[in-house]
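Asks: Put together the whole structure using the sequences plus the hints.
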Amino acid sequence: MKFSYYLLKKLNKKIPDKKRFIDKFNLHAFEAEDAKGDALEISIPANRYSDASSHWGIAKVAAAIFGGKTEDFSSKKPIKSAVKKTAPEITISSKGRCPRYLGRYFEISKVGQSPEWLKNILASCGLRPINAVVDVMNYVMLEVGQPLHAFDAELLAGSIDVRLANKDEEIKTIDGGEFALINEDLVIADDNGPLAIAGIKGGKRAEVSSQTRKIVVEAANFEATGIYKTSRRLNLFTDASARFSHGISPMLAEIGMNRAAELLKEVCKAKVGDLTEINYAKLRKTILVFDVDEFNQLTGLNLDKRTALDCLKRLGFKIIGKKVEAPPLRADIFSSEDLAEEIINLYGYQKLPETAPSVPLSSSVKENDVMLKENLRNLLRGYGFSELYNYSFTSRKALTVYGDHKWWNAVSLRNPISSDFQYLRPSLAIQILQNAEDNLRFYDTVRIFEIGKVFTVKESEVDERLKLGLAISFKKTGDPILELKGIIDQLLRDLGLTEFFFRDLDWDLKFLDHGLRVESDHHVVGYLGVAKSKTPTAIAELDLRELLELVVGEKEYRPLPKYPSVMRDISVSVTSDVRVGPIQDLIENSSHILADVDLVDWFENAQHVGAGRKSLTFRLVFQTEDRTLTDEEVNKEMDKITAALKDQFDAEIR
Amino acid sequence: MNVAEIRKSALEDVKKAKNVKALEVIRVKYLGRKDGELTKILRSLKDLSVAERKEIGPAANELRGDLEEAFSKKLKEFSASSKRGVVGIDITMPGKKIAVGHLHPLTIIENRIKEIFNSLNFSVVEGPEAETDYYNFDALNIPANHPARDMWDTFWIDSKKLLRTHTSPMQIRYMEKHQPPFQIIVPGRVFRFEATDASHEINFHQVEGLMVGERVTLANFKYVITEFFRQFFGPGTHVRFRPSYFPFVEPGLEVDVMLNGNWLEVMGAGMVHPKVFDAVRYNPRKIRGFAFGMGLERLAMIKYKIPDIRLFYSGDLRFTNQF
Numbered sequence: 000m001k002f003s004y005y006l007l008k009k010l011n012k013k014i015p016d017k018k019r020f021i022d023k024f025n026l027h028a029f030e031a032e033d034a035k036g037d038a039l040e041i042s043i044p045a046n047r048y049s050d051a052s053s054h055w056g057i058a059k060v061a062a063a064i065f066g067g068k069t070e071d072f073s074s075k076k077p078i079k080s081a082v083k084k085t086a087p088e089i090t091i092s093s094k095g096r097c098p099r100y101l102g103r104y105f106e107i108s109k110v111g112q113s114p115e116w117l118k119n120i121l122a123s124c125g126l127r128p129i130n131a132v133v134d135v136m137n138y139v140m141l142e143v144g145q146p147l148h149a150f151d152a153e154l155l156a157g158s159i160d161v162r163l164a165n166k167d168e169e170i171k172t173i174d175g176g177e178f179a180l181i182n183e184d185l186v187i188a189d190d191n192g193p194l195a196i197a198g199i200k201g202g203k204r205a206e207v208s209s210q211t212r213k214i215v216v217e218a219a220n221f222e223a224t225g226i227y228k229t230s231r232r233l234n235l236f237t238d239a240s241a242r243f244s245h246g247i248s249p250m251l252a253e254i255g256m257n258r259a260a261e262l263l264k265e266v267c268k269a270k271v272g273d274l275t276e277i278n279y280a281k282l283r284k285t286i287l288v289f290d291v292d293e294f295n296q297l298t299g300l301n302l303d304k305r306t307a308l309d310c311l312k313r314l315g316f317k318i319i320g321k322k323v324e325a326p327p328l329r330a331d332i333f334s335s336e337d338l339a340e341e342i343i344n345l346y347g348y349q350k351l352p353e354t355a356p357s358v359p360l361s362s363s364v365k366e367n368d369v370m371l372k373e374n375l376r377n378l379l380r381g382y383g384f385s386e387l388y389n390y391s392f393t394s395r396k397a398l399t400v401y402g403d404h405k406w407w408n409a410v411s412l413r414n415p416i417s418s419d420f421q422y423l424r425p426s427l428a429i430q431i432l433q434n435a436e437d438n439l440r441f442y443d444t445v446r447i448f449e450i451g452k453v454f455t456v457k458e459s460e461v462d463e464r465l466k467l468g469l470a471i472s473f474k475k476t477g478d479p480i481l482e483l484k485g486i487i488d489q490l491l492r493d494l495g496l497t498e499f500f501f502r503d504l505d506w507d508l509k510f511l512d513h514g515l516r517v518e519s520d521h522h523v524v525g526y527l528g529v530a531k532s533k534t535p536t537a538i539a540e541l542d543l544r545e546l547l548e549l550v551v552g553e554k555e556y557r558p559l560p561k562y563p564s565v566m567r568d569i570s571v572s573v574t575s576d577v578r579v580g581p582i583q584d585l586i587e588n589s590s591h592i593l594a595d596v597d598l599v600d601w602f603e604n605a606q607h608v609g610a611g612r613k614s615l616t617f618r619l620v621f622q623t624e625d626r627t628l629t630d631e632e633v634n635k636e637m638d639k640i641t642a643a644l645k646d647q648f649d650a651e652i653r
Numbered sequence: 000m001n002v003a004e005i006r007k008s009a010l011e012d013v014k015k016a017k018n019v020k021a022l023e024v025i026r027v028k029y030l031g032r033k034d035g036e037l038t039k040i041l042r043s044l045k046d047l048s049v050a051e052r053k054e055i056g057p058a059a060n061e062l063r064g065d066l067e068e069a070f071s072k073k074l075k076e077f078s079a080s081s082k083r084g085v086v087g088i089d090i091t092m093p094g095k096k097i098a099v100g101h102l103h104p105l106t107i108i109e110n111r112i113k114e115i116f117n118s119l120n121f122s123v124v125e126g127p128e129a130e131t132d133y134y135n136f137d138a139l140n141i142p143a144n145h146p147a148r149d150m151w152d153t154f155w156i157d158s159k160k161l162l163r164t165h166t167s168p169m170q171i172r173y174m175e176k177h178q179p180p181f182q183i184i185v186p187g188r189v190f191r192f193e194a195t196d197a198s199h200e201i202n203f204h205q206v207e208g209l210m211v212g213e214r215v216t217l218a219n220f221k222y223v224i225t226e227f228f229r230q231f232f233g234p235g236t237h238v239r240f241r242p243s244y245f246p247f248v249e250p251g252l253e254v255d256v257m258l259n260g261n262w263l264e265v266m267g268a269g270m271v272h273p274k275v276f277d278a279v280r281y282n283p284r285k286i287r288g289f290a291f292g293m294g295l296e297r298l299a300m301i302k303y304k305i306p307d308i309r310l311f312y313s314g315d316l317r318f319t320n321q322f
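So the protein sequences, as listed, match chains D and S.
The first sequence maps to residues 0 to 653 in numbering that gives the first Met the number 0.
The second sequence maps to residues 0 to 322 in numbering that gives the first Met the number 0.
Read the hints as simulated data drawn from the structure, not as lab findings.
Because the structure is a prediction, the values reported are computed rather than measured.
Be careful, since some hints might not be right.
Lysine-lysine pairs mimicking DSS-like chemistry, simulated, CA-CA at most 25 Å apart [to be verified]:
| no. | chain 1 | residue 1 | chain 2 | residue 2 |
| --- | --- | --- | --- | --- |
| 1 | D | K18 | D | K8 |
| 2 | D | K304 | S | K285 |
| 3 | D | K365 | S | K113 |
Replies: Okay, structure coming up:
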């Protein structure tokens with residue numbers, strides 16, 4: 000909110016130069032900064048609009064910090080009426096929404112321009128001077144915090160009523176806006192319809208102009224949430240609506256009206272007429288017990304009672320024995336914590352000691368998923384993968400790349416910031432594949448990963464899951480899928496998993512040419528596969544929640560082998576359509592003295608193995624724990640294996 | 000040169016030889032079939048008197064044997080060292096590039112924060128990103144239809160469900176399930192419905208902190224946070240505390256650190272509001288606590304001098320690989 004330094008200084012002479020004022024105000028009250036020239040920008044906390052959204056309010060806070068006396072607008076006596084029988088006719092049909100309404104009649108011989116000093120203050124606060132009457136209304140709001148409105152009394156038809164808008168009622172506002180109202184919006188109306196959107200904006204119909212000679216000034220109080228809702232719905236935010244939506248004291252209405260009368264008389268030479276007031280507001284005093292021990296327990300300070308109470312006194316609190324009474328305009332004081340804040344702010348955080356907590360020692364832990372994420376990141380970094388972060392949002396266009404966007408079951412936002420960010424990402428794959436493609440402009444090989452949340456709609460609920468996505472992509476040729484498979488294999492081992500399998504994918508992933516699912520203990524942990532990309536790209540995604548349930552296994556020492564191992568290579572040729580996985584499975588399960596099997600070479604070459612065939616070379620390692628194996632023994636096993644291979648895969652042994 | 004002179008200079012030369020080629024030059028110089036210094040002497044023996052021959056002959060022959068041995072020894076040395084890769088390779092050539100991965104700077108910053116708070120006995124927990132309005136607002140004393148809610152522009156999934164606008168909902172979730180005393184931090188991704196620019200993003204990361212117990216004070220908060228920032232930015236770091244407003248704390252404050260002569264806002268904080276304790280059925284007269292929240296991106300931008308928040312989400316390896 001913008002303020003005029005000149006006006007603040009006028010209200011409290013003890014306010015120091017602008018720079019010192021800003022420095023100290025920041026440390027003891029609200030965030031403030033220089034806004035060039037006479038202007039200051041001060042952030043009013045959402046709970047301080049009632050007492051501090053005015054120069055008067057800021058000057059009072061400043062007085063607590065810098066000393067000095069601030070003019071007291073609340074003690075001003077109302078000016079007596081000089082034009083008899085002019086009281087405006089006012090009713091409040093919607094009592095709940097309007098606790099207090101003051102209307103006063105004034106006569107003006109000429110609506111001219113405001114004096115320079117007034118115009119300057121308006122300008123510092125970002126308001127445009129209009130004419131003397133409107134400027135006085137605005138000025139009083141800036142000075143004491145009560146929004147006011149002036150109607151041209153000769154344009155009013157009948158009496159003023161504060162009521163809810165009728166269905167389909169419309170209003171033209173003074174700035175040329177046109178709004179359709181609903182039955183929840185509060186309006187100020189006369190017999191001909193709405194004159195103003197209550198607490199937000201005045202209407203065109205009874206606008207004060209240079210022809211205006213008679214006015215009715217409104218100083219009212221409106222219930223906060225109602226104003227807030229209408230203001231939001233109409234997307235109409237004004238200086239008045241800001242104050243009313245935060246909730247301000249009904250006391251301000253009277254203070255504002257008195258000040259307006261004074262200024263209209265002084266600036267516009269107005270004749271002051273009669274006042275009509277309707278007041279349903281119950282003003283309650285806030286009286287709290289102040290216990291300095293409690294204060295010290297909360298803050299860790301060790302103030303004596305006198306020092307603490309002195310802070311409150313400087314802020315305008317009344318001390319009544321053991322109790323304190325909050326200043327009447329303060330709407331934010333309810334508890335001892337609120338009092339503590341007042342005292343510590345004024346006393347100063349720089350004087351607060353730094354005290355090490357003394358609490359029972361308990362071990363600090365990291366949740367399992369936090370640990371898992373840390374492990375994964377460190378492992379992948381070690382394997383040469385770099386980490387990227389992507390948006391949690393994605394577009395319909397991105398979801399459509401591999402088919403119908405509905406296939407993803409993505410969560411759609413009610414209020415997306417743009418169509419590029421309409422959906423929550425249902426998978427990490429979409430963005431990671433894009434990252435791979437983008438980065439190949441600068442690198443020949445890309446190894447990337449991301450850990451993050453993905454969202455899908457499941458049984459009309461949002462299903463949020465933590466995933467690891469990773470990809471390898473080559474600029475030119477190559478086959479990254481086996482490298483990625485090796486990475487996943489090693490990753491799962493490093494996490495402590497011992498039993499896991501790669502099986503054919505039994506569900507359709509539209510962005511894959513072909514893929515495998517990763518399975519352990521009957522849980523599907525994730526998938527990996529060859530992506531439908533322009534360049535050779537392999538991608539995998541693992542579900543961390545599934546992984547967490549599996550990650551087990553302490554390492555246990557096994558005695559080093561006492562007896563030598565025997566190594567045999569076997570080359571077979573099979574038709575090209577036979578897959579390596581089942582062959583390796585068969586070999587692995589065919590001998591109990593077989594310790595390890597590895598595919599060490601493979602090729603497809605018509606000249607060497609004949610058309611439509613491929614050659615595979617496996618390295619077999621035989622070993623037992625209780626004896627040295629003889630050639631004979633191993634030969635027997637090899638015969639068994641070759642026989643099985645011939646039988647099951649029609650393999651030729653080469 | 001006489002035999003003694005040849006012995007001295009030849010052995011000296013062999014010792015100094017730098018490589019196989021140089022050694023061959025030396026060999027030719029002394030033992031070369033045509034003009035080798037020792038060869039010349041040996042060849043001249045037949046022209047000498049018997050007495051001279053008896054004197055020089057054995058010495059020259061002995062020297063020949065010694066030199067041959069020295070040459071072959073040196074040669075072996077060279078071949079051994081070339082196997083070790085010392086000679087024959089210019090070690091001023093650049094080292095082989097190791098294919099390493101890089102962690103995202105936000106991960107690095109988050110890890111550092113976790114490490115410091117772990118050392119201060121804080122545990123690390125996380126919470127959901129899709130939240131309800133109850134946890135994100137109501138339970139934190141941010142009522143519906145109050146402009147205070149405008150401090151957090153929100154992405155809505157439906158009328159109740161939203162993308163959390165801060166990590167603070169985890170205060171409620173954690174307190175619902177645990178009894179004090181405890182101290183936790185909650186790192187995580189949060190979302191704001193706002194236009195993006197160099198310092199604003201629609202998703203970013205926060206670390207929430209919460210310490211609750213019977214005797215937790217604001218002075219404890221000042222200690223913990225000052226300690227944190229001194230470990231994070233360096234021992235001499237100046238930390239400043241000043242009043243602020245958040246509906247879920249009372250008193251509320253903001254923390255600034257001084258870097259390069261400027262105060263930079265880095266944290267919002269305060270003592271947990273009694274209404275928040277009410278929401279989780281703690282007794283606000285018995286239990287106190289402090290809470291704080293800071294933005295990871297902001298800390299990373301300050302620490303690494305990154306000018307634009309959008310770089311974190313660019314998916315560009317040229318960015319990540321710098322860290």
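Asks: Does each hint fit the structure? Answer for all of them.
Replies: Going through the hints against the structure:
At roughly 13 Å between alpha-carbon atoms, K18(D) and K8(D) fall within 25 Å of each other, so this suggested pair holds. Our distance criterion of 25 Å between C-alpha atoms is met by K304(D) and K285(S), whose separation comes to about 22 Å. With a C-alpha separation of about 9 Å, the suggested pairing of K365(D) with K113(S) holds against the 25 Å cut-off.
The structure is consistent with each of the numbered hints, conforming to all of them.
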